[in-house]
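Start counting the sequence shown at 150; every next residue gets the next number (our numbering).
Watch out, some of these pointers could steer you wrong.
Derived DSS-like pairs (lysine-lysine); straight-line CA-CA distance at most 27 Å [said to hold, decoys possible]:
(1) K393 x K165
(2) K282 x K376
(3) K217 x K185
(4) K393 x K314
(5) K314 x K376
(6) K283 x K314
(7) K268 x K283
(8) K393 x K376
(9) K376 x K283
(10) K314 x K165
Pair ranges (Cβ atoms, derived) [unchecked claim]:
(11) P151 x S315: 21 to 29 Å
(12) M317 x T202: 23 to 31 Å
(13) P163 x V358: 13 to 21 Å
(14) R324 x Y394: 42 to 50 Å
(15) P151 x L273: 21 to 29 Å
(16) D218 x M309: 44 to 52 Å
(17) R360 x L192: 44 to 52 Å
Because the hints were derived from the structure by calculation, they are not lab data. Computed from a prediction, not measured in an experiment: that's the story for all the values here. Don't be surprised by glycine CBs; every beta carbon is placed ideally from N, CA and C.
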Amino acid sequence: MPRYKLTIEYDGRPYKGFQAQDDLPSVQGSIERAVKAFSGQTLRLQAAGRTDTGVHATGQVIHIDLDKDWRPEVVRDAMNAYLVPEPVAVLDVEVAVGDWHARFSATERRYIYRILNRKSPPALDRGRVWHVKKPLDAAAMDAAARQLIGHHDFTTFRHMQCQAKSPMKTLDVARAWREGDYVLLEFASRSFLHRQVRSMTGTLAEVGVGRWAHDDVAAALEARDRKACGPVAPADGLYLTGVKY
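Produce the complete structure using the sequences and hints provided.
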């Protein structure tokens with residue numbers, strides 16, 4: 150039974166998250182129906198990560214085990230044909246080697262958060278960015294973000310319903326920068342706690358608008374208390390951009 154590695158992108162707006170749910174639209178459900186349509190096979194795929202409601206992806210990775218030995222390009226093209234008109238696309242398909250697993254073999258997950266920082270609301274990017282009207286100091290956000298890098302107890306930035314066994318995570322990348330009207334934030338780690346990226350982003354935005362000082366972020370981290378977290382950024386601007394193996 151060959152295993153296939155699929156790299157996919159999707160617009161998370163129409164879905165109640167990645168994970169399949171009874172009677173609710175999900176990215177996983179859409180992909181599994183496409184597999185059934187082209188191969189006749191009912192299966193449960195495995196993913197590098199389960200994004201929340203409204204979160205997008207440009208580099209999500211999944212795997213599927215198929216009964217038949219298909220050429221990768223046939224799997225890609227057939228999947229895309231049956232995914233129409235869903236806002237989901239298969240970008241690449243490879244035959245997996247050995248015991249490779251989309252979730253357990255991952256060594257890094259990388260996210261980008263996009264903030265539109267201007268007075269005027271988004272027209273083309275509505276639902277794909279967080280619109281912040283007040284001017285953001287991207288340099289101050291970047292300096293504050295770097296205090297989060299390293300191995301820490303991230304309880305402050307952990308959703309209360311997070312099911313992870315431990316709040317200890319190692320954040321390898323945390324940075325912010327401006328590109329025109331956009332402020333972008335990037336985070337990379339082997340794994341993240343539930344809503345950790347959105348919690349860190351909302352907190353850093355408080356620095357950006359001047360409500361928090363640079364050292365307040367370090368103090369919030371040290372507090373190990375969810376009440377010390379800033380506002381949680383909306384799902385709209387969050388993208389899973391890549392997974393390393």
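For each hint, the structure was consulted:
{"no.": "1", "hint": "K393 x K165", "result": "holds (25 Å)"}
{"no.": "2", "hint": "K282 x K376", "result": "holds (25 Å)"}
{"no.": "3", "hint": "K217 x K185", "result": "holds (13 Å)"}
{"no.": "4", "hint": "K393 x K314", "result": "holds (23 Å)"}
{"no.": "5", "hint": "K314 x K376", "result": "holds (20 Å)"}
{"no.": "6", "hint": "K283 x K314", "result": "violated (38 Å)"}
{"no.": "7", "hint": "K268 x K283", "result": "holds (7 Å)"}
{"no.": "8", "hint": "K393 x K376", "result": "violated (33 Å)"}
{"no.": "9", "hint": "K376 x K283", "result": "holds (24 Å)"}
{"no.": "10", "hint": "K314 x K165", "result": "holds (24 Å)"}
{"no.": "11", "hint": "P151 x S315: 21 to 29 Å", "result": "violated (35 Å)"}
{"no.": "12", "hint": "M317 x T202: 23 to 31 Å", "result": "holds (26 Å)"}
{"no.": "13", "hint": "P163 x V358: 13 to 21 Å", "result": "violated (31 Å)"}
{"no.": "14", "hint": "R324 x Y394: 42 to 50 Å", "result": "violated (23 Å)"}
{"no.": "15", "hint": "P151 x L273: 21 to 29 Å", "result": "violated (40 Å)"}
{"no.": "16", "hint": "D218 x M309: 44 to 52 Å", "result": "holds (46 Å)"}
{"no.": "17", "hint": "R360 x L192: 44 to 52 Å", "result": "holds (48 Å)"}
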